[in-house]
Structures are given as structure tokens and as C-alpha cells.
Amino acid sequence: MKLSPHAIKELSSLLGADHVRTDALSLSLYSYDCSLSATRPDGVLLLDKAAQVAPVLRLLHHYKIPFVPRAGATNHAGSCCALKGGVILNLTALNNILEINTQAGFAVVEPGVITADLQAALAPLGYFYAPDPASAQACTIGGNLAQNASGARCLKYGGTLDHVLSAQVVLPDGTQTTLSRQTPGPDFVGLFAGSEGTLGVITQLTVQILPLATHIQTFLVTFPSLSESIQAVSALVARGVIPRCIEAMDKTTLQAVEGFAHAGYPTQAEALLILELDGTPAQTKKDAAVLTQVCLQFHAQHFTSAKTDEERAQLWRGRRSAYAAMARLSPNVMVGDGTVPRDQLPTALARVQKILKDYPLQASLLFHAGDGNFHPHILFDQRNKLQTRSAAHVLHEILKTCVSCGGTISGEHGIGVEKRAVMATQYEEDTLSLFQKIKRTLDPQNLSNPLKIVPQNFKEKAKPALALPPEISALQTQLLAWQQAKTPFIIAGSNTHLKTKHPAVLCTQTLNQIIEIDTANYTVTAQAGVTLSALHTALKKAGVYTILPEDKGTLGGLFCGGTLPPFYSHVLGVEALLPDGSYVRYGGKLMKNAAGYPLTRLFAGSQGTLGLVTQLTFKVFARKQPTVKPHPFHKAEITDFWALFTRALGGGLV
Amino acid sequence: MKNNQHLDTLHTPLGKRGLYDSVCFCNRCGMCAPLCPAYQNAPQESNSPRGRNQALRGVLEGKLKPRQVRAELLELLTSCTLCGRCQAVCPGQIPTAQHVLELRRTLQARLLPTLLFKLLRLRGTAPRLFSYLVHTGLWMRRLQGWSVLMYLPGFAWLKHLNKLLPARTPRPFKMSNQTRPTFIYLPSLEAQFFLPDIAQSAYQLLTKKHRVAVWENTACGLFEFVYGDLSRARRQLRALITRHQKTGKAKLPLVTDSIDVYHFLTQAPQLFEGYPTWQQKAQNLAACTRYIADYLPKKPAALKTISNPVLLMTSALFNNQSSAQEKSAQILRSLFKKNFVECGYKEPQVVPAGYGFIKGSRANAYNLQAVRTVARQQVQTVVVLSGLAALELGLSLRQFYPTARVCHIAKLNG
Numbered sequence: 020m021k022l023s024p025h026a027i028k029e030l031s032s033l034l035g036a037d038h039v040r041t042d043a044l045s046l047s048l049y050s051y052d053c054s055l056s057a058t059r060p061d062g063v064l065l066l067d068k069a070a071q072v073a074p075v076l077r078l079l080h081h082y083k084i085p086f087v088p089r090a091g092a093t094n095h096a097g098s099c100c101a102l103k104g105g106v107i108l109n110l111t112a113l114n115n116i117l118e119i120n121t122q123a124g125f126a127v128v129e130p131g132v133i134t135a136d137l138q139a140a141l142a143p144l145g146y147f148y149a150p151d152p153a154s155a156q157a158c159t160i161g162g163n164l165a166q167n168a169s170g171a172r173c174l175k176y177g178g179t180l181d182h183v184l185s186a187q188v189v190l191p192d193g194t195q196t197t198l199s200r201q202t203p204g205p206d207f208v209g210l211f212a213g214s215e216g217t218l219g220v221i222t223q224l225t226v227q228i229l230p231l232a233t234h235i236q237t238f239l240v241t242f243p244s245l246s247e248s249i250q251a252v253s254a255l256v257a258r259g260v261i262p263r264c265i266e267a268m269d270k271t272t273l274q275a276v277e278g279f280a281h282a283g284y285p286t287q288a289e290a291l292l293i294l295e296l297d298g299t300p301a302q303t304k305k306d307a308a309v310l311t312q313v314c315l316q317f318h319a320q321h322f323t324s325a326k327t328d329e330e331r332a333q334l335w336r337g338r339r340s341a342y343a344a345m346a347r348l349s350p351n352v353m354v355g356d357g358t359v360p361r362d363q364l365p366t367a368l369a370r371v372q373k374i375l376k377d378y379p380l381q382a383s384l385l386f387h388a389g390d391g392n393f394h395p396h397i398l399f400d401q402r403n404k405l406q407t408r409s410a411a412h413v414l415h416e417i418l419k420t421c422v423s424c425g426g427t428i429s430g431e432h433g434i435g436v437e438k439r440a441v442m443a444t445q446y447e448e449d450t451l452s453l454f455q456k457i458k459r460t461l462d463p464q465n466l467s468n469p470l471k472i473v474p475q476n477f478k479e480k481a482k483p484a485l486a487l488p489p490e491i492s493a494l495q496t497q498l499l500a501w502q503q504a505k506t507p508f509i510i511a512g513s514n515t516h517l518k519t520k521h522p523a524v525l526c527t528q529t530l531n532q533i534i535e536i537d538t539a540n541y542t543v544t545a546q547a548g549v550t551l552s553a554l555h556t557a558l559k560k561a562g563v564y565t566i567l568p569e570d571k572g573t574l575g576g577l578f579c580g581g582t583l584p585p586f587y588s589h590v591l592g593v594e595a596l597l598p599d600g601s602y603v604r605y606g607g608k609l610m611k612n613a614a615g616y617p618l619t620r621l622f623a624g625s626q627g628t629l630g631l632v633t634q635l636t637f638k639v640f641a642r643k644q645p646t647v648k649p650h651p652f653h654k655a656e657i658t659d660f661w662a663l664f665t666r667a668l669g670g671g672l673v
Numbered sequence: 008m009k010n011n012q013h014l015d016t017l018h019t020p021l022g023k024r025g026l027y028d029s030v031c032f033c034n035r036c037g038m039c040a041p042l043c044p045a046y047q048n049a050p051q052e053s054n055s056p057r058g059r060n061q062a063l064r065g066v067l068e069g070k071l072k073p074r075q076v077r078a079e080l081l082e083l084l085t086s087c088t089l090c091g092r093c094q095a096v097c098p099g100q101i102p103t104a105q106h107v108l109e110l111r112r113t114l115q116a117r118l119l120p121t122l123l124f125k126l127l128r129l130r131g132t133a134p135r136l137f138s139y140l141v142h143t144g145l146w147m148r149r150l151q152g153w154s155v156l157m158y159l160p161g162f163a164w165l166k167h168l169n170k171l172l173p174a175r176t177p178r179p180f181k182m183s184n185q186t187r188p189t190f191i192y193l194p195s196l197e198a199q200f201f202l203p204d205i206a207q208s209a210y211q212l213l214t215k216k217h218r219v220a221v222w223e224n225t226a227c228g229l230f231e232f233v234y235g236d237l238s239r240a241r242r243q244l245r246a247l248i249t250r251h252q253k254t255g256k257a258k259l260p261l262v263t264d265s266i267d268v269y270h271f272l273t274q275a276p277q278l279f280e281g282y283p284t285w286q287q288k289a290q291n292l293a294a295c296t297r298y299i300a301d302y303l304p305k306k307p308a309a310l311k312t313i314s315n316p317v318l319l320m321t322s323a324l325f326n327n328q329s330s331a332q333e334k335s336a337q338i339l340r341s342l343f344k345k346n347f348v349e350c351g352y353k354e355p356q357v358v359p360a361g362y363g364f365i366k367g368s369r370a371n372a373y374n375l376q377a378v379r380t381v382a383r384q385q386v387q388t389v390v391v392l393s394g395l396a397a398l399e400l401g402l403s404l405r406q407f408y409p410t411a412r413v414c415h416i417a418k419l420n421g
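If you read the sequences in order, they're chains G and R. All letters in the first sequence, in the order written, are residues 20 to 673 by our numbering. All letters in the second sequence, in the order written, are residues 8 to 421 by our numbering.
Chain G on its own, in the form it takes in the complex:
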């Protein structure tokens, strides 16, 4: 589609004629990102001020012109390509840091602020912004939220999702709204994490900032095998030591990196880990002793420790130049991204290495060992169609391997268009349908970055649904019966806090199984109706700890009641029965997941308005955690934004 002269005229009067580009060169320059995908838009709008976004979107909505928000365009998934034509909204000029408040611990930024620029502004004040994607020098904070980027420090500090406190967004129809974690109800800020611009445009973010660590110690350790290195990481976590980074590389990568960067890495090792501890000097010293012990236990060969900035920089030199080492060898580097449960990492990596060997392509393997996230770097020349096809094929094979190991096709790079088809291998039809519903709720005209994330014709291709356990089947039957009879019903946990006397209540009392306490990944999977007291007894027995308080009620009630927001970031997976009877499964024992909209955040604090949460997977720890006191429960007032979702999912009966 081409932009109509009327639309161009009106956009020009809003932005200025030189800020509306339709020339062939501009269209070509805004057709790509860091992925293989490239599609020319029909126009490019250069925005200078955040205030321009809403009127522009209203105009685009009026003319039904699709749009794609674009900032640094450094993503590896084709998220910035205008697949359906329309216009690109260039947001790079919205690059002001509006406020830094060290007393309250937040910074207010525009979406085009480069992540490293925020870090540079915070460092002299003794603060830092925890997410640190490898492309921090070029990517933007808005882009980080849109892709749910995280980086090396994710294991300890979490991803962008966990560090954005509020966001101002403009919905595809031009409505401005502020999403905040202070507002009762679902965590809609979290829902925008990983939305890749499909739900609207982020115009301002308030991010959490943390005091810089006073003491950092870095270690470089090599192991005789990949599996021993990962076992060492698991053992370390089991001893309660959570390093702020655990970066790893295999032998091939190690040799390529050393050949280029001459960082002094021992090239004969099968696996190399760079671990970094931070905290108070006493804590770091204690953790360093445990780390040394654990590494020796798993036959560490080479062990170097660095305390000064210079020594640390030397250890990091090779790792930091890993991408450059590969980028010099071939015109194109495809950076893959997949995450598996940590204990599955050796299996997944062995399979990935086998896949890489089967193709005549040079590749290396880097991974964040702590969170099971790995990045194969595949070298190819885009001008060679066979090589390009092979590289894309290899990537798909690798992603399928991730899924078969219980993992996700994206830990931090997003889905965009390049991984869209593989979404069907990871999610069942009901879950993909829910993703589509979320998109349609906020963007019924399908204008905001259309055709991304959700695969086309997914109903035919989606992963076959697993059979439901009998107790959930029973709840589903009951729910469908009410739906058929058009009987209004209430979704509740064990009715501890809600105390409803409604005749039709769908509650979780029958869902009382603790399904797994996994001490390899340090996760617990439990049904929503498990009482907190039963959960604590079981955790105590297994020797693991959580931040959940010893309180009345159930796990699901606590999660959905909105009384314990700090727990949201601990929840890694969720299963839920939706008011239309469909059953969704999202996440699992995964420390990172950027595939699809974060459903854990949609159901958190939803108070039964969006569906019945049946099962949760959440993080636990080897060391005692300070428990968090929940807020007293009260029924939240449903905001207009929330109501959009209750109408779309609840069908008016809930």
C-alpha cells in the first residue's frame, strides 16, 4: 500500500515536511535491522518529541496505516521490518534522560536513550541500571523493554521486565496511558516487555536504578568438559552463591576468540567460564571461597581471579570481543538465541554442536551458563543463497532442539518474524490464541507492527495439546457448563480472602499437588491450590527457600490476589484455564523467556478476572531469603485498560 497524499499532507503538517520521508533511499534505509529480514515501508516518520506520538498514531489509525516503532534497530529477529508496509516511526531522537532520582532509586528516560548512555550518566552518581545486553552501546532502553532484553547479569538481577517500574504508552488508536506497577491489577508493564511494538508505542519509561556494587571479583575458570562446567554452575547455585555473571564459551569459540583478542585464555580447555561476584567485601570473600571449592570439585583446570579494574578488564577482553572475533571472518553473523532449563544445558549444547557439525558452516557457541541461555554465532555470506538458507535452517533446528529440551526459542532476542514460525513448535494452540487475543484487544485493526510474534495459520501447525490432568478437566467441564448456560461465575482460589457467597465459584481447592521441587534448576512447580503452609513444609523438607510468607491461603490466591508484587518476578511459568474453556501453558523452569507476551505478568494480580491460574513454576533458593510481607487483600477497582482484557477474555460472564 502507498500512503495517500491526504495522509502525507496531514502527517507533514504534524511533524514538518522534512520529517515525513517517502523517497526510495529513506525507505531502503529503514527496511532492515540486525537480522536477515528486510522489507521496505511506505514511509518513514522522524519523530522529535514524545508528544508527537499520540497525534501521529491517531492519524495513522484514522487512515488505517500500519506502523512499526523503531529505535536502535539492533535486534536479531526482524522485529523492526514493516511486513505489511505502512510507516516506520523513528524514535531515536527521543533520547533524553528526563530525571535521575537516586534517593527514590529510579530514572525517567525516553525510549530512544541508549542503554550505555544511561549507565554512563548513572555511574558518577554511584548507581547502575542492571540489565546489560551485549549491544548496550547501541541498543535503546525502549527497545530493551520491547524485546525484553536482559544480558549477562540476568541470573542475579533479572531482565528489563524486572527493572521497568512504569511506562507511558500510546495504544494503536492513539490513546495515551500510563502503566505502573503501583496500580492494582495485572502487571501490564510486564505485558509490554517482549511485545516488540505490537501493542503500541512506548514513549517514556521509569526504570529502577541500583547502587553500584562496592566490591566485584571476577574469575576465569576452565573445565575438562562442558558438562562439568555446567555442573559446577549448578553446584554453585545449590550452595547459595548467585554470581552476577556466568559467561561461558566452548572450545571452538575459545580458540577463535583467543586467536583474535590474545586475552591469554587457555585454548586447550573444553569449556571456559567467566564468573563475577559482587556484594560487600565480606560476602564476596565468603562466596569466593565457595566458588573455589566448587570449581575444584568439578576438576577446574585453570583458575584466575581478578580484583582490580585492570585485571578484570583483561579477563573480560576475550569475552567482550567474541562477536568481533566472528564478525571479521564472514560478511554475516547470525546470532541465535535459545534458553533451556540449566540442567538441560549440556544435553542441548551437545545436540546443537551436532547440528552445527552437520552443516558446512563455521559457528561458535557462547552462553550465559547461569540462566541456560545460549547464543550460537553462525557465519555465512548473505550473497550466497545456499549458505543463507543453511544458516536459517540451522537456526530453526537449534530452536527446535531448545523446545525439545523443555526450553524456549528466545531468551532475550524476541521473536519478530524470523522465529515466528517456530513459535508453533513451542506453544499449543490455546496459548497462541491467547497471544492473538492480547494483540487484538489492544490493536483490533492490526496496525501496530503487524504480522509479528504469532505465527500465521497456527491452528494447523501448533504443538498438539497435552492431556489435562483429571482435576483440571473437571474444572474445565464445570466452567464450560456455566458458559453454555450463560451463568455468571466467579473465579477464586480457596476463597480465603475473597469470602464470596456467589452460587457459582470456580476454585482451586482440588489443585493441591506440589508437582516438582527441582534442586538442579532451583525451581518449584506447584498447583495453584497448594496452601502456603503445605508449600513451606515441603520446601523445608527439600532444603530450599522462597520469599513467600507463611500465611493463610493458597499459592494461586497469593499470586492472583495482587498482595505480593515482589513475587511476580520469581514466577517463571504459569498454566491457566481461561473463561472460554481453553487451557494455556507458558514458561517453565526457564530463567529467561522472550517468546510471546509474558503471560505470567498478565495473570499476576488479575484477581480471577482473566482466568483460573492452575499451576505455577517459580524460583527457589539454596540460602534463606528474607520473606516479604503481603499487602492486605482488597478487591481492586478495574481500570479501563484492565477492563479491555476482562471483556476480551472473560466474555462478560466472569
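These aren't lab readings, by the way, just hints derived from the structure by calculation. Predicted model, so just to flag it, every value in this text is computed and none were measured. Every residue gets a Cβ at the ideal spot worked out from N, C-alpha and C, and that includes glycine. There is no bait here: all hints are sound.
Calculated lysine-lysine pairs in the BS3-like style (CA-CA distance at most 25 Å, straight line):
hint, chain 1, residue 1, chain 2, residue 2
1, G, Lys103, G, Lys83
2, G, Lys21, R, Lys70
3, R, Lys70, G, Lys404
Covered stretches of chain G (in silico footprint by chain R; criterion: 3 or more residues with CB under 8 Å from a CB of chain R, positions within the stretch not fixed):
hint, stretch
4, 105-119
5, 154-161
On the provided structure of chain G, position chain R as indicated by the hints.
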């Protein structure tokens, strides 16, 4: 056969590559953009090195027709200052500045005003006439003759030049050629005609310990390489190489006061790809080329007259991390110790924009960014590595931050 319009093979930090190959190594990671002065000024894709590379790729692949988008391509080209900061940060070390020059050549873009272009070209073709015209022009300026001239058609660039030059142009410094030289001094255009104090400092620095041959008013091919055609650039380089061979059997160090000239001469061999004999000779010339900072004494004479703190802006043509730039930083670090302020790797610096490398309005905006760097660091002296940078930054500092002054590194010795 040699291509007179384009360089067939580029000498990149990662080896020789054809132009198309070199362009295709851009993986679109975007690491370059935040460092580009043009992008810092207006963050748009057309102002980013990634955008320039992709535009050239589009042209080479026939997806963009230069005739259809000529105006837009020229706009994109004129945003690039050829500073090479993008190359330094690029994981693939892609020489975007060289790509931009090739795109200029494809478009046969004349970026300079015609009269200025013709005047500067005279330096290579008729150096005496050039010298006469420049001296006459400067003499007229002293007599306020430019105030009329700059309003004549085709002379508008004199307005900017007038602002750029010091209020009173110092009299030219007379340098004499010494017999049986052990060094050759190649003064830059700016040092010789507009800032003779730089030439004087450099000359005195060299003559202290060495016998020096001064190659005054000698075109090295840089101007033609950047604005003109490659055949003329090669011709001037051949003349320089031949002269170098005749003087001291091609072994004498050739010292320049301009980092831009230094970078051009060290890259000269790529102009002779396909002519192995001349390439060999160009390699020899490149190996003999030195930058003036190498000859600064441990305790330069004028050190005490320099106001502290001191900031170094290493900006130059084509390269941001040459050994000369690193050595200059090292020297200043050891001379000024705590009073030496490091320029952050991302901080805007003065751009090597000549009188028309880029549009005047853009040059002003870019240099204003450099002034902000000076103001942010609150330095008193900014050391630069070329006369052109001294002129450009000098003007911006005079206008917006007069408490700081600019100093060419050679002038540390008085």
C-alpha cells in the same frame, strides 16, 4: 587495468577487500551509529555509518538507482565527516569513510564550491600560482578587501573562511632547506599559509637536532583523493614518491604536522593496487612517514605556558586509533599527568570538516557538539593534531567558549 574512478581494492585493517566485499561485511549491528558525529547531531539512519554502508550496498546491487535518488544520496554523503570513528568501534573494522568516498566518486559529486575547488586544485597543478593567489588573497583580507569580494557570486565560501582564519593572519614563516638533509618536513596547507606558527614550531622542533629539507607548498594527493579524481591523486603521489627517492635514497623520514596527511600517506599503497612497483614504493613512503608528535622533546619548551587542564581531540581523517594518535595521547598523559583529561570514546570531537567537506551549517552543529565536550570537561586548552582542526575548533571556541583555547600539538614546544 587501473580504474580511475574507483579504488578496485580497499586496504582494510583486516586485509585487502574488493569494495563490494568490504561493504557486505556490514552486519547492520548498529554499534557504529552512536559514535558518529552526524548521528549524535541528528539520530537518523541516513546519518549513521550503517545507513551509509547500506546505501552503497543498495547502489552496488542495483537496488538504488543513483539517478533517481541523487539528491538524497548527496545529503547522506555530506553528513559524513570521514572521521573513521565508526571503523574503530565496528566489530568488522569496516572502513566506512572509504566507502563514502567511493560513493562520492560514483555520483561524481563536486561538494566544494567551484571556485574554491579550482583554487585548491591549483596547489597540485600550479603550486606557484596557488601560492601567489593565496598570498594575494590574504593581503587583500588585511586591507578589508574580502568584505566586498565575499558578496560576489561564487565567493560565498570566503565568508566562512574569513571567520575561520585568525583575525590577523600572521606573516608566513620563512623556512630554509638545509644541505644533506636527514629529515624531510612536509608542511600542511593550513600550517604553511594560515597558521604559520604551527609550521614554525614544527620546523624548529626538527631543526634542533636534524638537517631538514622543507617541501613547501607540495600537494600530496589528499585533496584530489577526497574531492577530485583518483588519477590526479596518484600522479601527485608518484611525484611525491619520486622526490622522496631522489632525496636521500628514499630512506629519509617524511614528517608532517597534519594527522590527516599522515593518515593519507600511510594508506597510500591502496591507490596503487595493480601496479606492484609503485605500490612497493608507496609502501616505502608510508613506512617513512612520521607525525610531528614523535619528535616532541620530553620537556617541551612551552609546556608552562599551556593552561591546564588539557584535553586532546584526536579527530582526524579516516582513522581514530592510529599509532600517531595513540602516541600523542601517551605524550600528553605523561606531560600533564593529572591535568590531562581523557576525551571519552563517545564524546563528540572537532570534526575534520574542511571548508566544504560537509555543509557549513552541519559543520557548525558538529563543532558545537565538540565545544560542549570542552565545556563539560571544563578544560582550558584543547590540543589538536592538525591545522584544519585548530582552525575549525578555534572558530567554535571563539564563538561559544572563549575561555578555552586550541593548541596544535607541535606548538607545545613554543
